[in-house]
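Colleague: In case you want the letters, here they are:
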Amino acid sequence: MEPLQLLAPDGTLTGDVPDGLDEDRLVGMMRLMLLGRRLDQKAIALQRRGKLGTYAPLSGQEAASVGSSFAMDPDVDHLVPQYREQLAMLHWGLPLGTYLLQRYGHPRGAELPEHRRLYPQQVALAAHAPHATGLAWGLRLRGERAAVICHFGDGASSEGDAHEAMNLAGVTGAPVIFVIQNNGWAISVPLHLQTRGVIARRADGVGIAGERVDGNDVLAMYAATRRARARALDGGGATLIEAVTYRLGAHTTADDPTKYVDADELEDARTRDPLTRYRTWLTGAGLWDEAREEAAVAWIDETVDEAVRVFDAAGPVDPGAMFDHVYADEPPRLARQRAEYLAALGGGA
Amino acid sequence: MAEVMSTSRAINAAMRVAMAEDPRVFLAGEDIGVYGGAFGVTDGLLGEFGAERVRDTPISEDIIVGMAVGAAITGMRPVIEMQFSDFVVNAMDPLVNQAAKLHFMYGGNVTVPMVLRLPGGGGTGAAEQHSQSLEAWFAHVPGLKVVAPSTPQDAHDLLLASINDPDPVVLVEHKLLYKAEGPVEVRGSLAEVDAAFAGTVPRRTGGDLTIVSYSRGCAVALDAAEALAADGVEATVLDLRSLRPLDLGPVIASVTATGRLLVTHEAPGPVGVGAEVVAGVVGSEAFDHLLVPPVRVTGRDNPMPYAPGLERATIPQVEDVVAAARRLMAEDD
Ligand SMILES: Cc1ncc(C[n+]2csc(CCOP(=O)(O)OP(=O)(O)O)c2C)c(N)n1
Ligand SMILES: [Mg+2]
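Chains A and B supply the protein sequences, listed in that same order. Each step along the first sequence adds one to the number in the numbering used here, with nothing skipped, and position 135 is 139. Each step along the second sequence adds one to the number in the numbering used here, with nothing skipped, and position 211 is 222.
No lab work stands behind these hints: they were computed from the structure. C-beta atoms are modelled at their ideal positions from N, C-alpha and C, and glycine is treated no differently. One or more hints might be untrue.
The calculated DSS-like cross-link candidates involving lysine-lysine, where the alpha carbons are at most 27 Å apart (straight line), are [said to hold, decoys possible]:
{"hint": "1", "chain 1": "A", "residue 1": "K263", "chain 2": "A", "residue 2": "K46"}
{"hint": "2", "chain 1": "A", "residue 1": "K55", "chain 2": "B", "residue 2": "K190"}
{"hint": "3", "chain 1": "A", "residue 1": "K263", "chain 2": "B", "residue 2": "K190"}
{"hint": "4", "chain 1": "A", "residue 1": "K55", "chain 2": "A", "residue 2": "K263"}
Restraint ranges, calculated between C-beta atoms of paired labels, are given here [stated by the list, open to error]:
{"hint": "5", "chain 1": "B", "residue 1": "N108", "chain 2": "A", "residue 2": "G32", "range": "31 to 37 Å"}
{"hint": "6", "chain 1": "B", "residue 1": "E63", "chain 2": "A", "residue 2": "V202", "range": "47 to 53 Å"}
{"hint": "7", "chain 1": "B", "residue 1": "R337", "chain 2": "A", "residue 2": "H196", "range": "55 to 61 Å"}
{"hint": "8", "chain 1": "A", "residue 1": "D309", "chain 2": "B", "residue 2": "P304", "range": "30 to 36 Å"}
{"hint": "9", "chain 1": "B", "residue 1": "E139", "chain 2": "A", "residue 2": "E310", "range": "27 to 33 Å"}
{"hint": "10", "chain 1": "B", "residue 1": "F208", "chain 2": "A", "residue 2": "P117", "range": "55 to 61 Å"}
{"hint": "11", "chain 1": "A", "residue 1": "H119", "chain 2": "B", "residue 2": "G210", "range": "55 to 61 Å"}
{"hint": "12", "chain 1": "A", "residue 1": "E310", "chain 2": "B", "residue 2": "G81", "range": "54 to 60 Å"}
{"hint": "13", "chain 1": "B", "residue 1": "G118", "chain 2": "A", "residue 2": "L346", "range": "55 to 61 Å"}
{"hint": "14", "chain 1": "B", "residue 1": "G118", "chain 2": "A", "residue 2": "G239", "range": "51 to 57 Å"}
Chain B with its partners taken away, still in its complex shape (with noise of 0.2 Å):
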C-alpha cells in the first residue's frame, strides 16, 4: 500500500529495508550518523543498525570510495554516500579506474557491488563546488551504471535495485528533490525491485511534441508541458530514470510519432546526456519523422554562481523550456 512521503523518506525506507534484510549491505559517508547526513537522509539508521554499519567516516573521499570497493569485491554491499556529489571528484581513482574496470580487469573473477550516491545540482544556493551536476562524467565511462530517479517511487526502487546489482552503481540524486513528495509503495524486500524495470517511462503523454529529461528535469518539463497545454500543445514528457545504459526505445519510438524533441537538463550542454539523446534519436528511424531539428535547454556554461540570480539564471527554468518548445512549434509552419 502506497504511502506519501518525501524522496528523503523513500530512500532512507530503502536503506532500511536493504540493512534489515542483508547483513552485507553498510553504509559509509561524513556526517550520516547522528547527524543524519547533510540532507537528513540517513536519519534514524544509526539507531536502528549501529556504528558498524552506519559508519561516520574521516573527511577522506578517496578512501571511503577504496574502501567500498575493496569491501564490495570481498562480498559487502556497501552503500557510500559523499556528502556533496562535487566532492566524488577525490575519489575519481577508485571509482573511474577500479570500480569500473575490475571485473574487466580480472576476467570476471571479481564483482563490485557497490552504490555511491551522489547529492547533487543547484537551486540550494550552495556555490560553485557545491552545486554541479556531473553525471555525464560517469555515464561515460564503461563499467559504470548511472540511474537518476526524478520521483520518491523510483528513487526507493532504484536505491534497492542498485544494491541488488552485480555492478557499481552511481545514483544520482538531486538536492532540490529530497523533500519532493509523492506516493511511495515501500517494498518488503531486495528482491521485489528487478533492475530491468529501470527503463525510459512517460510522465505523460501528447501529441505534439517529445520533451525528455531525468532527475529534477522532469519536474520542470513537466511543469513547461502544463504551461504548453495551456495553449493547446500536448507535450509527451519521458524520463530516461537510468543514464548509462540509456534506453532509447521509448525516446525513438515517441518523436517517430511527434516529429519534435527538446531534451532538458540541469548540466550544462556541451557533451552532456542530451547530446547523447538527440544524436541517438538522429541516427535512429525516428530521423525521416523529425518536422525540426531537436533542440537542448541545458544548463549555461558558467560555473555554478552563489548569488541567488545568478544561480536561478544558470539552470533551466520552466520558462526556458515552454520558450523552446513555442519556437520548435513555430519552426515547421
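The shape of chain A in the complex, shown without the other chains (with noise of 0.2 Å):
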C-alpha cells in the first residue's frame, strides 16, 4: 500500500495544494512545525537542569501532528491525544506554559481549555481510542456536527482497545478519526516485532475508511485528514489514517536509542524530515525566505520564554494538593485525612 504524497521527499509538489490552505495556514503550518523542533531542545535542556520530569520529544513527527491537527475545526472537533501530540494541543488552544507545568506534575497543568475539547495526553496506551469512540458517538447522538480526532502510535495499535475501538466506531459510525503515527519504534522495539500487517489495512477489517499516508508530508496528512473528517461529518463514518513517519529522537528523555537504533537507519530517516521538505516547498513557492524563518524563531523563543516565565511563576506546589479532585464529592474519610494532614504540617518543623 503506497502511502499517500503530495511533496516528494525533495520538496517537488506532485498534486494539488489540498483545498482549505491558504497563504496564512500554510505558513502557520511551518511555523507551529518549527516551534515543535525547537520546543524539543528547550525542553530536554529544561530536564536536563532539573525543571520538566520525563519529555518526550516529537522531532520527526511534526508533519503528522500538525497536518492532521489544521484539517480539524479545534472551534468545534474534539483532540484526544496520545503524549506526543504537543503540537495538536497546541493547536487546540493548550498554553505552552500549562503544558510545561504538566510535564513537571504542578496541578495546575492538569488546567485544560474552557472549551473542553481537549483532553489530557494519555500514557496508558491505546486507552483513550475507546474515549474517543464514545465521544465521537455521543456528539452523533446529541446531532452535534462535529468530530474527533484520536493520536496514538504503532506500539499502542497492538493493544486490544485500538482495535475495539475502531471496530465499535464502524458498528456505529461514530464520527471519529484514528491517526496512528508508525514512526518504526515502541521505545527499542522496531515495526516487524510490533506486527507483520500493514496498519492502514486493518480499516477494511473493521468495515471503516482507511489510508496510509506519508507522514512527514504535512501536506499529504491534512488532505487525508480532511477527507476524513469530511467523510465523518457526512455520516460517512470513521477512518483510520497511518502516518507513516520515523521517531528521529529518543523515546523519551530518560531512554537512550543508541542502545537499540541503526546509525544508518537514523541517517537515512534524517534524509526525509518534514521540515526540511515542507521548507523547500514553501520557499519555491515564494511563501518562505530567511526573514520569515528569523521572525518565526524569534516567536518560537518568545512564546518558549513566555511559557517558561508562567513555569515559574506557578509557585510551589499547595502541599495538601494531593486530596483534591480525588473524588468529585469528597467522602468524609479523606476530609479528614486532609484536614489531619495539614494540621500536622502547620503544627510540624
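Put the two chains together into one complex; each comes in its own frame, and the hints tell you how they fit.
Modeller: Written out as C-alpha cells, the structure reads:
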C-alpha cells in the first residue's frame, strides 16, 4: 500500500495543494512545525536542568501532528491525544506554560482550556481510543456537527483497546478519525516485532475507511485528514489514517536510543526530514524565506520564554493538593485525612 | 558463596539459572530484549538465550498473559514481565478469570505454572498510572499465589520457587528495590529452592512492639525500628514475603509477646494486606495479649501524584511509622 504523498522528499509538489489552505495557514503550519522542533531542544534542556519531568520529543513527527490538526476545526472538533502530540494540543489552544507545568506534575498543569474539546495526553497506551469512539458517538447522539481526532502510536495499535475502539466506531458510524503515528518504534521495539501487517489495512477488517499517508508530508497529512473529517461529518463514519513517519529522537528523556537504533537507519531517516521538505516547497512557492524563518524563530523563542515565565511563576505546589479531585464528591474519610495532614504540617517542624 | 548484588541482578541471575537448566522456561514482555527491560532486569539474557526465549512482544498485555496461560498449560514455564505493574489491568481476564481458575475448572487436569513479574510502587516520579501497589487485588483471588520479596536473596529465591511452582504466581517487585544491594547466594539449580521457605521471617527482633511489612515497606520499617531504638524502644520487624498464602503464625507469636502491632505498606489501607493481617491477629490467641489496638500506616487514599513533594507525602515514610509507633507505645501507659 503506497502512502499518499503530495510533496516528494526533495520538496517537489507532486499533486495539488489541498483545499482549505490559504497562504496564512500554509505559513502557520510551517511555524507550528518549527516550534515543535525548537520546543524539543528547549524542553530537553529544561529536563536536564531538573525543571521538567520526563519529556517525549516529537522531532520527525511534526508533519503528521500539524497536518492532521490543521485539517480539523478546534472550534468544534475534539482532540484525544497520546503523549507525543504537543503540537496538536497547542493547536487546540493549550497554553505552552500549562503544558510545561503538566510535565512537572504541577496540579495547574492539569488545567485544560475552557472549551473542553481537548483531552489530557494519554500515557496508558490506547486507553484513550475507546474514549474517542465514545465521544464521537455522543456527539452524534446529541446531533452535533463535529468530529473527534485521536492520535496514538504503532506500539499502542497492538492493544486490544485500539482494535475494539475502531471496530465499535465501524459498527456505530461514529465520526472519529484515528491517526496512527507509525514512527517505526515503540521504545526499543521495531515495527516488524509489533506487527507483520500493514496498519492502514486494519480499517478493512472493521469496516471503516483507511488511508496510508506519508507522515513526513504535511500536505498529504492535511489532505487525508480533511477528507476523513468530511466523511465523518457527512455520516460516512470513521477513518483510520496510518501516518508513516520516523522518530528522530529518543523515546523520552529517560531513554538512550543508541542502544537499539541503527545509526545508518537514523541517518537515512534524516534525509526525509518533514521540516526540510516543507520548507523547500514553501520557499519555492514564494511563501517562505530567511526573514520569515528568523521571524518565526523569534516568535518561537518568545513563546517558549513566556511559557517558562508562566511555569516559574506558578509557585510551589500546594502541599495538600494530592487530596484535590480524588472524588467530585469527597467522602468524609478523605476529608479527615486532608484535615489531619494539613494540621500536622502546620503544627510540625 | 554469597556475593553482593542488586535486586535486579539477583532476579536476572535467577532467570539465568532457570533458563540454563530448564528449556521450558522462557521470558516474554515489552522491551525485555535488546533494551534489557524498562528497569534493566533482563539485561544480557537476549544475547545468552536468543530471541525465541527472550521475547519482545507487541504492546498487548492481554495477549502476553493470555499466551502465557496457554503455554503454561501445554507444559512451558513462562516468566512474564509487565513493564509496569499498572498495565496488568489490561490482562485481568487471562490472569484472574483464566490462570487462577483453570486448574479448578478442569478438575485438576491442567496446571498453570506461570510467573508474572510486576514492577510496582511509587517514589520514582512516574505518576498515577505507573506507580501503584496493586498486590491486594491478586491476593484476593483464589487460585493465585502472590509473593513480595524485600531483599535481593529473596527476590532471587522467590523467582526460582515461583518458576518451580505448579500454580500461577504473581511476583510483586518494588521498582525502588531494584538498585538495593545485599548478599546473594546464587543457586545452582531450581530444585535448590523449595517454595515452602517463603513464610514470614523476622528481620529484626525486639520486645516492645511488632512491625509487619513486606516488599519495600520492610526497609521503611527497619529504618523506623532503628530510630525507635535510639529512644529505647525495641521493635521486631517481620517480613511477610508471601501475601497469599499468608503465614500469620510468626506474627501471632510475636504480638503475643509484644502486645503491640503496627502494619505498614505502601498500598492504600482500605481492604489491603494490612487489614488482613490485623484481622488475623485480632481473631487469634494473640488478641488477649494486645495492650493497644493495632494500627496501620499505609499509602494515602489518593492516586499517586506526579509532583515530587506530593508523591512523597502519599507514600508512608520512616517518620510516619516512627510517629505511629510512638503513639502505640504511649497509649497503654
Ligand atoms: C498499557 C501500556 N503498556 C505499556 C506502556 C509502556 N510504554 C510507554 S510508551 C511505550 C511505547 C509506545 O509506542 P508507540 O505507541 O509506538 O508510541 P511512540 O512512543 O512511538 O510515540 C510503551 C511500551 C504503557 N504506557 N501503557
Ligand atoms: Mg511508535
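Colleague: Please go over all the hints and tell whether each is borne out by the structure.
Modeller: Hint by hint, here is what the structure shows:
no., hint, in the structure
1, A:K263 <-> A:K46, "24 Å, holds"
2, A:K55 <-> B:K190, "24 Å, holds"
3, A:K263 <-> B:K190, "21 Å, holds"
4, A:K55 <-> A:K263, "26 Å, holds"
5, B:N108 <-> A:G32: 31 to 37 Å, "51 Å, violated"
6, B:E63 <-> A:V202: 47 to 53 Å, "25 Å, violated"
7, B:R337 <-> A:H196: 55 to 61 Å, "59 Å, holds"
8, A:D309 <-> B:P304: 30 to 36 Å, "57 Å, violated"
9, B:E139 <-> A:E310: 27 to 33 Å, "29 Å, holds"
10, B:F208 <-> A:P117: 55 to 61 Å, "57 Å, holds"
11, A:H119 <-> B:G210: 55 to 61 Å, "58 Å, holds"
12, A:E310 <-> B:G81: 54 to 60 Å, "55 Å, holds"
13, B:G118 <-> A:L346: 55 to 61 Å, "57 Å, holds"
14, B:G118 <-> A:G239: 51 to 57 Å, "53 Å, holds"
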